[in-house]
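S.K.: Sequence:
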Amino acid sequence: MSCPFRFPDAFVTFSAFRRRFPEVSGYCHCADSQGRELAETGLELLLDDIYDTVFAGLALAPTFTDTTLYRILQRRFLALQLVLSGRFRCPTKCEVERFTATDFGHAYVPSCHRNGDFQAVQCQRGGPCWCADAQGKEVPGTRRQDAALPCGGSPIEGVLLGSPQVLLLCFSRPPAPGRNRDTGIRI
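Position 3, counted from 1, in the sequence shown is what full-length UniProt numbering calls 3; the numbers after and before it change by one each time, with no gaps.
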């Protein structure tokens, strides 16, 4: 389902866009699932130097995301994000939780891979460690005092293979594409 494109003429040139929507600023930011701005992700897109000549000879687009203006704003946002943060993406769930926990001095600060995913082993400062799934949730029955846990990418790949909770996880849901139906092991 798509929304109707209500003001197609406003997206033909940048000056037409500014006339139609004067309240729109060049400020963009990453947001959480409730639409709240994530700290330190806001960027000013410096829109004053976009000239109408880039729109010359273009037909009306069926949706805003098909317009040249959208592509320009998206590229500018990504370029500024790269300059300021060294990466092209918004923070992942792990990175947001890590930032928040660090800011508030929590005992548990999530460990994230360079790509932003949760690491398989998570530890509380000076306390226990546990295996975590891809969403950062603790795998039941894995909490212990040392960090030498045999956590893997999936339950069958090394997380306490004899544990009833792990066997239940392995066999209680259909296998993902590319996994053996009987064992759950990636093939």
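Fair warning: there could be bad hints in the mix.
Computed beta-carbon distance windows for the label pairs [what the hints assert, rightly or not]:
1) P128 with Q74: 17 to 25 angstroms
2) A107 with Q74: 35 to 43 angstroms
3) D66 with L38: 22 to 30 angstroms
4) A107 with T63: 20 to 28 angstroms
5) S33 with I72: 24 to 32 angstroms
6) H113 with A148: 16 to 24 angstroms
If you're looking for bench data, these hints aren't it; they were derived computationally from the structure. The beta-carbon is built from N, C-alpha and C at its ideal position, and this holds for glycine as well.
S.K.: Compare the structure with each hint and give your call.
M.R.: Results for each hint:
no. : hint                               : verdict
1   : P128 with Q74: 17 to 25 angstroms  : 43 angstroms, violated
2   : A107 with Q74: 35 to 43 angstroms  : 39 angstroms, holds
3   : D66 with L38: 22 to 30 angstroms   : 27 angstroms, holds
4   : A107 with T63: 20 to 28 angstroms  : 47 angstroms, violated
5   : S33 with I72: 24 to 32 angstroms   : 27 angstroms, holds
6   : H113 with A148: 16 to 24 angstroms : 19 angstroms, holds
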